[in-house]
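> Those sequence lines, one after another, are chains A and B.
Residues in the first sequence are numbered consecutively from 9, following my numbering.
Residues in the second sequence are numbered consecutively from 20, following my numbering.
Treat the hints with caution; some may be incorrect.
Below 25 Å or equal to it, Euclidean Cα-Cα: the simulated DSS-like pairs (lysine-lysine) are [as the list claims (entries may be wrong)]:
1) 172/B / 227/B
2) 24/A / 10/A
3) 75/A / 110/A
4) 251/A / 238/B
5) 110/A / 10/A
6) 60/A / 24/A
7) 299/B / 251/A
8) 227/A / 60/A
9) 213/B / 251/A
10) 227/A / 160/B
11) 249/A / 28/A
12) 292/B / 238/B
13) 110/A / 160/B
14) 249/A / 213/B
15) 327/B / 238/B
16) 327/B / 249/A
17) 75/A / 205/A
18) 249/A / 238/B
19) 40/A / 75/A
20) 299/B / 249/A
21) 75/A / 203/A
22) 292/B / 24/A
23) 327/B / 233/A
24) 10/A / 205/A
25) 28/A / 40/A
26) 24/A / 299/B
27) 249/A / 292/B
28) 249/A / 60/A
29) 201/A / 75/A
30) 251/A / 292/B
31) 160/B / 251/A
32) 233/A / 292/B
Part of the chain B face toward chain A, derived, beta carbon under 10 Å [as the list claims (entries may be wrong)]:
33) 98
34) 121
35) 146
36) 203
37) 271
38) 295
Calculated directly from the structure, the hints in this document are not laboratory data.
If you're wondering where the values come from, they're calculated on a predicted model, not measured in any experiment.
Glycine included, C-beta positions come from ideal geometry on N, C-alpha and C.
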Amino acid sequence: MKILVPVKRVIDYNVKPRVKADGTGVDLANVKMSMNPFDEIAVEEAIRLREKGAATEIVAVSIGVQKCQETLRTALAMGADRAILVLTEDVVEPLAVAKILKAIVDEEQPGLVILGKQAIDDDSNQTGQMLAALLGWGQGTFASKVEVAGDTVTVTREVDGGAETVNLKTPAIVTTDLRLNEPRYASLPNIMKAKSKPMATKAPADYGVNTTPRLTTSKVVEPAKRVAGITVPDVDTLVAKLKDMGVAA
Amino acid sequence: MKTLVWVEHDGAAVKDATLSAVTAAGEMGEVHLLVAGQGVDAVAQAAAQIAGVGKVHVADDAAYAHALAENVAPLVVELMGHHDAFVAPSTTNGKNIAPRVAALLDVSQISDILSVEGDGVFTRPIYAGNAIATVQSSDAKLVVTVRGTAFAKAAASGGAGVVEAVSAGGDQGLSSFVGSEIASSDRPELTSAKIIVSGGRALGSEDKFHELIDPLADKLGAGVGASRAAVDAGYAPNDYQVGQTGKIVAPEVYVAVGISGAIQHLAGMKDSKVIVAINKDADAPIFQVADIGLVGDLFTVVPELTAKL
Chain A
9 MKILVPVKRV IDYNVKPRVK ADGTGVDLAN VKMSMNPFDE IAVEEAIRLR EKGAATEIVA
69 VSIGVQKCQE TLRTALAMGA DRAILVLTED VVEPLAVAKI LKAIVDEEQP GLVILGKQAI
129 DDDSNQTGQM LAALLGWGQG TFASKVEVAG DTVTVTREVD GGAETVNLKT PAIVTTDLRL
189 NEPRYASLPN IMKAKSKPMA TKAPADYGVN TTPRLTTSKV VEPAKRVAGI TVPDVDTLVA
249 KLKDMGVAA
Chain B
20 MKTLVWVEHD GAAVKDATLS AVTAAGEMGE VHLLVAGQGV DAVAQAAAQI AGVGKVHVAD
80 DAAYAHALAE NVAPLVVELM GHHDAFVAPS TTNGKNIAPR VAALLDVSQI SDILSVEGDG
140 VFTRPIYAGN AIATVQSSDA KLVVTVRGTA FAKAAASGGA GVVEAVSAGG DQGLSSFVGS
200 EIASSDRPEL TSAKIIVSGG RALGSEDKFH ELIDPLADKL GAGVGASRAA VDAGYAPNDY
260 QVGQTGKIVA PEVYVAVGIS GAIQHLAGMK DSKVIVAINK DADAPIFQVA DIGLVGDLFT
320 VVPELTAKL
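If we strip away everything but chain A, and leave its shape as in the complex, we get (with noise of 0.2 Å):
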């Protein structure tokens, strides 16, 4: 079976993103950008079925400016097999991405597509499973289990509550969550054989997708700051303030 997994370039889940003083959106220049945290543990999955005997490639697909090609190579160099880059100056919303992905599927025929639950930069939660619906295929969201199993994949997702587990038939796609492993980092050999790995670069009119965007953005605005607040010396001092807002009788 073969498993198609996309990756998103972000970024990085450590800096503290900057809007643009001009409201027209956040500050990308000269910030480190690295793959979508959620990404890293859908790779990591794709591997370890490989590993397991489950699955015998891993294509990894980006969408994106030239740049998301070091997305693609980290994910080479944690195992994946090859890469498809689909290259635009766009930005590209998951809709279209989804649709950009069924083409891919419908030309490599994956037995799973393992996507991460969210991008945190636009922080959307849709691509997975409207990727699902435009193939008419099941989904496992908000995975923190995975097996596969002849024709079904049996998953465990993350729910309000606590854990729900699913039954899929294959070819079926599968959304992570934190939980499901703990992503390998690229050792310096497999980070210089990945250099060699094939990468195919392909536009999105290739796959007679139009990534015109559906929703316009007017602004972008930092979040209301919080006033500043003060320090308690001691217990005391707590317990006065929480009675004062009558939180504590």
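Model the placement of chain B on the given structure of chain A, informed by the hints.
Below, chain B without anything else, positioned relative to chain A:
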């Protein structure tokens, strides 16, 4: 505009998240509800009582029992033939189902809205809540999910909705429910609690977490939350996690105990009315958002606080 709101329920009662979604939907237009599940008469009756609700569509079928997106989405799409917007609370069910509906309708979804600014115009948080974007949809139909803490809850009574049975495709045969482990708790539900006491990695062990956090929460009648570090270390279950990838809360009072205050944690609680932080590191980022900070060792401070309340 006619909106269709996904009713989040546990088979017996309507969840609070639904009430916030109804308020958001009310700002967009006429509110209709969808109650999907198995044996959901009581839920449908309760839903009809929610203030401001027009029609309540009830889909009672084994296929909808566990809110599997594969089965529910086609049902919603059919109902969207005579609705202009699908509104779901940002619960795990809402987040699972809504994008599937959006893609089937060929429209973009707007996730986790904070406000309704106008016809098809909304604000939503991006970059872990470090920026707020105003977005406008150009699609013929809207699909949005609603951040519960950003909207007041609609009154659960006083409404006179008309209950109407609907049926649709039933089981699509793509997925099946195997089982669930739902943590039982007598404490207030995290996302609707007025007070939350949250513990972090500094607690050191599961035992200490229960020994220190639970009594303080009980004293305050509070819900219990945790940071990712505490959850990953096994001190608390996953569904306690507050943050960008866990639950988003905005209680009256949030007490952060032994939590440093990483961006990802702040994303889940910085809209709390009052934030109280207890940490021995005076430079911890949590103190930058805390209204009341106490620098001290939680192992001595927390028991003392619990005793003095």
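> Each hint should be assessed against the structure and marked as holding or not.
Going through the hints against the structure:
1. 172/B / 227/B: With a Cα-Cα distance of about 35 Å, the restraint between residue 172/B and residue 227/B is violated, given a limit of 25 Å.
2. 24/A / 10/A: Status violated; Cα separation ~37 Å.
3. 75/A / 110/A: holds (23 Å)
4. 251/A / 238/B: OK: residue 251/A and residue 238/B at ~13 Å, within 25 Å.
5. 110/A / 10/A: The hint holds at about 15 Å.
6. 60/A / 24/A: violated (38 Å)
7. 299/B / 251/A: holds (23 Å)
8. 227/A / 60/A: violated (48 Å)
9. 213/B / 251/A: holds (15 Å)
10. 227/A / 160/B: holds (22 Å)
11. 249/A / 28/A: Distance of about 38 Å is beyond 25 Å: violated.
12. 292/B / 238/B: holds (20 Å)
13. 110/A / 160/B: holds (22 Å)
14. 249/A / 213/B: Distance of about 17 Å is within 25 Å: holds.
15. 327/B / 238/B: holds (10 Å)
16. 327/B / 249/A: holds (12 Å)
17. 75/A / 205/A: Roughly 17 Å between the alpha carbons, so the hint for residue 75/A and residue 205/A holds.
18. 249/A / 238/B: holds (16 Å)
19. 40/A / 75/A: holds (12 Å)
20. 299/B / 249/A: holds (20 Å)
21. 75/A / 203/A: The given pair, whose Cα atoms are some 14 Å apart, holds under the 25 Å limit.
22. 292/B / 24/A: holds (23 Å)
23. 327/B / 233/A: violated (32 Å)
24. 10/A / 205/A: holds (17 Å)
25. 28/A / 40/A: At roughly 16 Å apart (the allowed maximum being 25 Å), residue 40/A and residue 28/A satisfy the hint.
26. 24/A / 299/B: Distance of about 23 Å is within 25 Å: holds.
27. 249/A / 292/B: holds (14 Å)
28. 249/A / 60/A: Outside the cut-off at roughly 57 Å; violated.
29. 201/A / 75/A: holds (19 Å)
30. 251/A / 292/B: Holds. Residue 251/A to residue 292/B sits at ~15 Å (cutoff 25 Å).
31. 160/B / 251/A: violated (49 Å)
32. 233/A / 292/B: holds (12 Å)
33. 98: The hint is violated - residue 98/B has no Cβ within 10 Å of chain A, the shortest such distance being about 16 Å.
34. 121: Nearest chain A Cβ about 7 Å off; hint holds.
35. 146: Since the shortest Cβ distance to chain A is 4 Å, the answer is holds.
36. 203: holds (9 Å)
37. 271: Residue 271/B check passes; min Cβ-Cβ to chain A is 7 Å, inside 10 Å.
38. 295: Residue 295/B check passes; min Cβ-Cβ to chain A is 7 Å, inside 10 Å.
This entry does not satisfy hints 1, 2, 6, 8, 11, 23, 28, 31, 33, going by the numbered hints stated previously.
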